[in-house]
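Numbering (the UniProt record's numbering), first residue to last: 1 to 204.
Hints were generated in silico from the structure; no laboratory data involved.
As the structure is a prediction and not an experimental result, all values here were calculated from the model.
Be aware that one or more of the hints could be misleading.
With beta-carbon atoms standing in for the labels, derived distance ranges [claimed, not checked]:
1. ALA106 / THR36: 23 to 29 Å
2. TYR204 / LEU4: 24 to 30 Å
3. GLN96 / LYS199: 16 to 22 Å
Using N, Cα and C, we set each Cβ at its ideal position, and we do this for glycine too.
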Amino acid sequence: MSQLEQVMKSRKSVRAYDSTYKIEKKELEEIIDLATSAPSSSNLQSWRFIVIQDQELKKELREIGNNQAQIEDSSAIIAVLGDTEAYRNVEEIYEQNVSLGYMDQAIADRTVNNTQSLYPNLPKPILTQIASYDAGLISMQILLLAKERGYDTVVMGGFDKAAFAKRFELPENQFPITLIAIGKAAAPAFNTSRLPLDKITKFY
Numbered sequence: 001m002s003q004l005e006q007v008m009k010s011r012k013s014v015r016a017y018d019s020t021y022k023i024e025k026k027e028l029e030e031i032i033d034l035a036t037s038a039p040s041s042s043n044l045q046s047w048r049f050i051v052i053q054d055q056e057l058k059k060e061l062r063e064i065g066n067n068q069a070q071i072e073d074s075s076a077i078i079a080v081l082g083d084t085e086a087y088r089n090v091e092e093i094y095e096q097n098v099s100l101g102y103m104d105q106a107i108a109d110r111t112v113n114n115t116q117s118l119y120p121n122l123p124k125p126i127l128t129q130i131a132s133y134d135a136g137l138i139s140m141q142i143l144l145l146a147k148e149r150g151y152d153t154v155v156m157g158g159f160d161k162a163a164f165a166k167r168f169e170l171p172e173n174q175f176p177i178t179l180i181a182i183g184k185a186a187a188p189a190f191n192t193s194r195l196p197l198d199k200i201t202k203f204y
């Protein structure tokens, strides 16, 4: 079994955390930075993050998060947000691609023009869907990177998203998608079964 397979199989959703264990800000930054290698629609990287380590703020967030104990007891909460106006960064992104030698100027210019023609005219529900999909991709990277470093995680979608947006004064183009608790487990997670492959997959 490869190291990646071991990490994937050992990752479980942990809901009981050692409240005394702290993860350094630098390491959380490293995890998120590495996770940004995830793919995204047109490479627009429509994910945004709020990392909450302050204990009093975590207590406040617990009330927004349906009183889930892991919000307060974990080392940190990584709130994954979506940005429906991520296309506004397209020139910066593709100028960087050119400067790094990843593509030539003609390809970058064509991509920028196509993006600026398409994305601003898409309905907001479609832009929300795109950002949510991208958030799922990067969230999984965060979970695996955390586990590879010896940390435990759980993803939480059950929280008052309107209250969260208000508390953290999110601009209109940003919206909360999920909360990821990260830390050291205080109790083992339950194993969970999976449906058989032949029930979820068809080959043609």
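Results for each hint:
no. : hint                       : result
1   : ALA106 / THR36: 23 to 29 Å : 26 Å, holds
2   : TYR204 / LEU4: 24 to 30 Å  : 28 Å, holds
3   : GLN96 / LYS199: 16 to 22 Å : 44 Å, violated
Hint 3 from the earlier list is the only one contradicted by this structure; the remaining hints agree with it.
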